Amino acid sequence: MSEHEQYAEDLALYALDALTGEDRAKLAQHLAGCSSCRLELEQLRGDTALLALTAVGPRPPQRVRQRLLEAIAREPRGHAVAQDRSVRGWWEWLGWAAAAAVLILAFSLWRDNLVLKDTLASATSREAESVRQMEELRKIAAPIIDPEAQRVTLVSAKAPPQPQGKAYYLKNQNSLVFLANNMPPLPPQKAYELWLIPTRGNPIPAGVFKPDSRGNASVVNPPLPAGTEAKAFAITVENQSGSLAPTSPILMTGAGE
Amino acid sequence: MSSQQRQDVPADLAIVTGLKTGDQRAIASLYDRYSSVVYAVALRVLGDTGAAEDVLQEVFLQLWRNPDAFDSARGSLGSWLSVITRNRAIDSLRKRRPETDIEDVVLSVAPDLAGEAERSRAAEKVRGVMGAMAPAQRTALEMAYWEGMSHSEIADKTGEPLGTIKTRIRAGLIALRKSFHADRSTGR
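Chains A and B, in that order, are what the protein sequence lines are. When we follow our numbering, the leftmost residue of the first sequence carries the number 1, and every step to the right adds one. When we follow our numbering, the leftmost residue of the second sequence carries the number 1001, and every step to the right adds one.
No wet-lab data here; the hints were simulated from the structure. Computed from a predicted structure; not experimentally measured. The C-beta atom is built at its ideal place from N, Cα and C for all residues, glycine as well. It cannot be assumed that every hint is accurate.
From the structure, some residues in chain A lie toward chain B, with a derived Cβ separation under 7 Å [what the hints assert, rightly or not]: (1) LEU16; (2) THR20; (3) ASP47; (4) VAL56; (5) LEU224.
Listed next, the in silico DSS-like pairs over lysine-lysine satisfying Cα-Cα at most 27 Å (straight line) [stated by the list, open to error]: (6) A:LYS166 <-> B:LYS1020; (7) B:LYS1125 <-> A:LYS190; (8) B:LYS1157 <-> B:LYS1095; (9) A:LYS231 <-> A:LYS210; (10) A:LYS210 <-> B:LYS1125; (11) B:LYS1157 <-> A:LYS26; (12) A:LYS166 <-> A:LYS210; (13) A:LYS171 <-> A:LYS231; (14) A:LYS190 <-> A:LYS210; (15) B:LYS1178 <-> A:LYS210; (16) B:LYS1020 <-> B:LYS1095; (17) A:LYS190 <-> A:LYS166; (18) B:LYS1020 <-> A:LYS171; (19) A:LYS231 <-> A:LYS166; (20) A:LYS26 <-> B:LYS1095; (21) A:LYS190 <-> B:LYS1157; (22) A:LYS171 <-> A:LYS210.
Derived list of chain A stretches under chain B, where covered just means 3 residues or more per stretch with a C-beta under 8 Å from a C-beta of chain B [stated by the list, open to error]: (23) 165 to 172; (24) 210 to 223; (25) 228 to 235.
Isolated chain A, as found in the complex:
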């Protein structure tokens, strides 16, 4: 029995959080260094999601939505809990005897307040600029991401439809969107794998995909090493679980436009 077979049954329990004690610790240690077992764990978690489908019930009451939106409004991103800035009790405790110190403090706070107002005005201005930029980006991206958008690819009138892939890659944001069409169907157990060809080093796996019945497919933000410079992208056919290195000839390739 191989080491992976030894862990196969424990992986299913781990995916359900049903593995405990020493067995769980041992498997967690193995997972840290074993990509094939991690991949199997991901698939088993996908399988557990199927079980969730059998849950049926009423929709949540309307108040739940309101409660969530109010919580979000109270909690700007990155600030989990607002700090209590009340200092009233402190003031009362000091009493009149500390009046002189209070005046000094008040002056200091007034001065800080001016600085904070400037900072706030600057931050508000930056936020407004970010919102404006986001709105512009939304408008630009709408024809790509809106499900109602018509998608038309123009080719030579005499040429049969050819497989085509478009990769949109932002190195600095580690963000990759890949769209493909006219992809030929694949045998069972096989899938296409997208590769990022770096300027130096071996091809990097950039997502496994299977085309739908019309030959369309997409890969969105696969895990990639941060800041990798891409010389080109390529596609091969691999086993559906994906490969760490290409095992078949390159079917499609393209460099930056």
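Assemble chain B onto chain A, guided by the hints.
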């Protein structure tokens, strides 16, 4: 991928992008698409509407605080939310600290749960597979999934050997996976 799923991918992508930029409208869209799935899973585990509402709130807030935890390249948003919800509901049921960070929950291939019609068809399929399982296997799988019991607790309760419980649970999950792979390869 069905036409519904083709539409879900860009819609989910827009939601995730909005969450990453701190757009509060994205959380409203997320809620409108997935609150029924999340609530149904939490209610099935906890059997208490107040506790299910708390889990729903916690799951959506966690994604708001840490939108990078969901990797859109690996599984659908609806499937990921259902797994996270089930895990949090079990933690709540068993009054324990979360066993798994949401960043560590990565799914590989899973059906999309966004469309009502897709969800209904897939649920029917899952019920069929579960119904065809031997009762002892179905019971072990449901105890682990819906009650959050460990393999040793299931073995104690059913009087079956530990190894048998492990085998039944894994075989049950693989049977579910195979039924959906068979659907994909036949284009259903």
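**Request:** Against the structure, test the hints numbered earlier, and report the numbers of the ones violated in rising order.
**Result:** Hints 5, 16, 21, 23 and 25 not satisfied by this model.
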